[in-house]
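Using the hints provided, position chain W relative to the given structure of chain R.
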Amino acid sequence: MSFLDFKKNVSQINFDDYFSKVSKNDVLKALNKRKVDYYDYLTLLSPVGENCLEEMAQKSRELSLQHFGKTILLYTPMYLSNHCVNVCAYCGFNKENNIPRKKLTAEEIEKEAKQIAATGLKHILILTGESREETPVSYIKDSVKILKKYFQGIAIEIYPLEENEYKALIDAGVDSLTIYQEVYDEEIYDKVHISGPKKDYKYRLDAPERACKAQIRGVNIGALLGINNWREEAFMTGLHGQYLQDKYPEVELSISLPRMRPHVGHKNYKELVNDKNLVQIMLASRIFLPRAGITISTREQKSFRDNLVPLGVTKMSAGVSTEVGGHSSEEKTPSQFDISDERTVQEMKEMILSKGYQPIFKDWMAI
Amino acid sequence: MDEFKIGGEALKSRLLVGTGKYPNHKIMYDAIKHCGTQVVTMALRRVDLDSKEDNIVEYIPKNCILLPNTSGARNAEEAVRIARLAKAMGCGNWIKIEVISDNKYLLPDNIETIKATEILAKEGFNILPYMSPDLMAGKQMIEAGAAAVMPLGSPIGTNRGIRTKEIVQIMIDELDAPIIVDAGIGKPSEAAEAMEMGAAAVLVNTAIATATDPIQMAEAFDLAVKAGRMAYLAKTGPVGQIAKASSPLTGFLSEGGL
Chain R
1 MSFLDFKKNV
11 SQINFDDYFS
21 KVSKNDVLKA
31 LNKRKVDYYD
41 YLTLLSPVGE
51 NCLEEMAQKS
61 RELSLQHFGK
71 TILLYTPMYL
81 SNHCVNVCAY
91 CGFNKENNIP
101 RKKLTAEEIE
111 KEAKQIAATG
121 LKHILILTGE
131 SREETPVSYI
141 KDSVKILKKY
151 FQGIAIEIYP
161 LEENEYKALI
171 DAGVDSLTIY
181 QEVYDEEIYD
191 KVHISGPKKD
201 YKYRLDAPER
211 ACKAQIRGVN
221 IGALLGINNW
231 REEAFMTGLH
241 GQYLQDKYPE
251 VELSISLPRM
261 RPHVGHKNYK
271 ELVNDKNLVQ
281 IMLASRIFLP
291 RAGITISTRE
301 QKSFRDNLVP
311 LGVTKMSAGV
321 STEVGGHSSE
331 EKTPSQFDIS
341 DERTVQEMKE
351 MILSKGYQPI
361 FKDWMAI
Chain W
368 MDEFKIGGEA
378 LKSRLLVGTG
388 KYPNHKIMYD
398 AIKHCGTQVV
408 TMALRRVDLD
418 SKEDNIVEYI
428 PKNCILLPNT
438 SGARNAEEAV
448 RIARLAKAMG
458 CGNWIKIEVI
468 SDNKYLLPDN
478 IETIKATEIL
488 AKEGFNILPY
498 MSPDLMAGKQ
508 MIEAGAAAVM
518 PLGSPIGTNR
528 GIRTKEIVQI
538 MIDELDAPII
548 VDAGIGKPSE
558 AAEAMEMGAA
568 AVLVNTAIAT
578 ATDPIQMAEA
588 FDLAVKAGRM
598 AYLAKTGPVG
608 QIAKASSPLT
618 GFLSEGGL
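As you go down the protein sequences, you meet chains R and W in turn. Taking my numbering, I'd label the letters of the first sequence as residues 1 to 367. Taking my numbering, I'd label the letters of the second sequence as residues 368 to 625.
Only chain R is shown next, with the shape it has when bound in the complex (with noise of 0.2 Å):
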């Protein structure tokens, strides 16, 4: 069974019907149960919900703390290409768009890394367009050789593999895969995916299904929050982490919150998703999903960002850059999306402490 059978199981959920029949006085039992169900998730992420948000952060802190303590895993992403041959509505790496296009020489991913490095960190998440031409599986194990030795945890943001090539990747020093389905919603995946290998939902969907056969440490998924109804959205992402979890429990879990950006070819979507619904979301998969991690990227505003530590956050980005060779080149590529927090490692690291919170530089190595 993949995640699409286990997902026809919630199809016939009428969401407006159920949202106009959650109360508040549900909202504050589904929080304080002992095993919260994804109806108690849904109903925590109703409208009504919207009124406990106090009640739900308070929960939230308190499973948090109980399960990572206080403390942040800083890690930071690194563009090796923006080949892409995918036609996507929402990215700027898009294929139609008259872009130059870059990909890392070995040297270069060198010259990044020995950047990267002196800042600190430990863990890097590395990203590329889906190009298997330019940017083929060996591309991506013979950079993995190289970043192996300056870091201690490597995560691959790429285009979905098969389980073999998962294996590969693992075994060259790969340890956690992040993949968005962007949207689960098939009819808006298929519309916003116009062409390119991408339009392929399924063959997205078990990617990190496929990326646990194949025994890798660590996935994270979620949703572009901003193409579909947030709600729904979030529930099918706590829902895909459930069965994830539940199917793979030896699996490290995390998801992200992702909310659309500027990017080049923008266009205005219409549903927005304000602090308020982000706040939310983050609560209730935390109450959701107690030992999942929760990602939050510099695709959030500094104060913002700030705000969020105590309330469940498990990791961040810092000293981010989203274009090909932005750690350590001169010259610029545009970048994927526009960052909204530009600080440093040292400046996060700061602020983290100054939070009352451990910034966590370190959290895994090859063994």
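Please keep in mind that the hints were generated in silico from the structure rather than gathered at the bench. Don't take each hint at face value.
Taking lysine to any residue and the SDA-like style, the derived pairs with C-alpha atoms no more than 20 Å apart in a straight line are [what the hints assert, rightly or not]: (1) R:Lys-355 - W:Ile-394; (2) R:Lys-247 - W:Asn-470; (3) W:Lys-471 - R:Gly-218; (4) W:Lys-554 - R:Leu-65; (5) R:Lys-167 - R:Lys-191.
Just chain W now, with coordinates in the frame of chain R:
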């Protein structure tokens, strides 16, 4: 002197502490200092020898024995590899085996833990396995060479106290090795309870690290462990199951001066 012997070391303090979840290294250092512990566990995954400023080991008082743990190991093989790395990184000979293949409840895998104990004992490690309370599994770990066994009081990080009391008590009564209650102890009174039961020691992390004042809480645990141990040695008076009846049911047997 009531000492606690483990792996050839005689320890005065029966409180072992962890290093996770603290707001910063300074508070962690002060808390460890204040509780008088002599054994401190840390996840090898967090040890960063490259960075003096961020390396957790730099903030463990020098007179403490390091007890690296294999946090992150999903099976015996990974635990063995982490233990060997710990030794190679200069963290000494003590190892807390922690094998967890369930990221939801973080319950240890006793079977894989036994396997890892067998391998590492042959390599001369001083082994303290973290385990789900179970008499037979405990016995097998000791036979495989564990210096002590560390059953959980309740799931790690929950601060729910000694919910596994019955089984832990049987382990204390029956096993010929120190029993250290690890995980779940949320309050000093619960640490005292474990000590009164006859546990050789307790290991506490979350309850101290996530307290509003970790330093004061560390000291409170120190006192509670000492009090519990003292009470155990003093042997508490008998506890009656029922009140002493003022009109005994068998009183008639002595009536009439038989």
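Just to be careful, I want the Cα atoms of Lys-247 of chain R and Asn-470 of chain W compared with a cutoff of 20 Å; is the pair within it?
Satisfied, since the Cα-Cα distance of roughly 11 Å is no more than 20 Å.
Are Lys-471 of chain W and Gly-218 of chain R close enough, with their CA atoms no more than 20 Å apart?
OK: Lys-471 of chain W and Gly-218 of chain R at ~13 Å, within 20 Å.
Are the Cα atoms of Lys-355 of chain R and Ile-394 of chain W separated by 20 Å or less?
holds, 14 Å
Measure nothing beyond the straight line between the CA atoms of Lys-554 of chain W and Leu-65 of chain R; if it is 20 Å or shorter, mark the hint as holding.
The given pair, whose Cα atoms are some 16 Å apart, holds under the 20 Å limit.
With a cut-off of 20 Å on the C-alpha distance, tell me whether Lys-167 of chain R and Lys-191 of chain R pass.
The given pair, whose Cα atoms are some 32 Å apart, is violated under the 20 Å limit.
Checked against the numbered hints above, the structure violates only hint 5.
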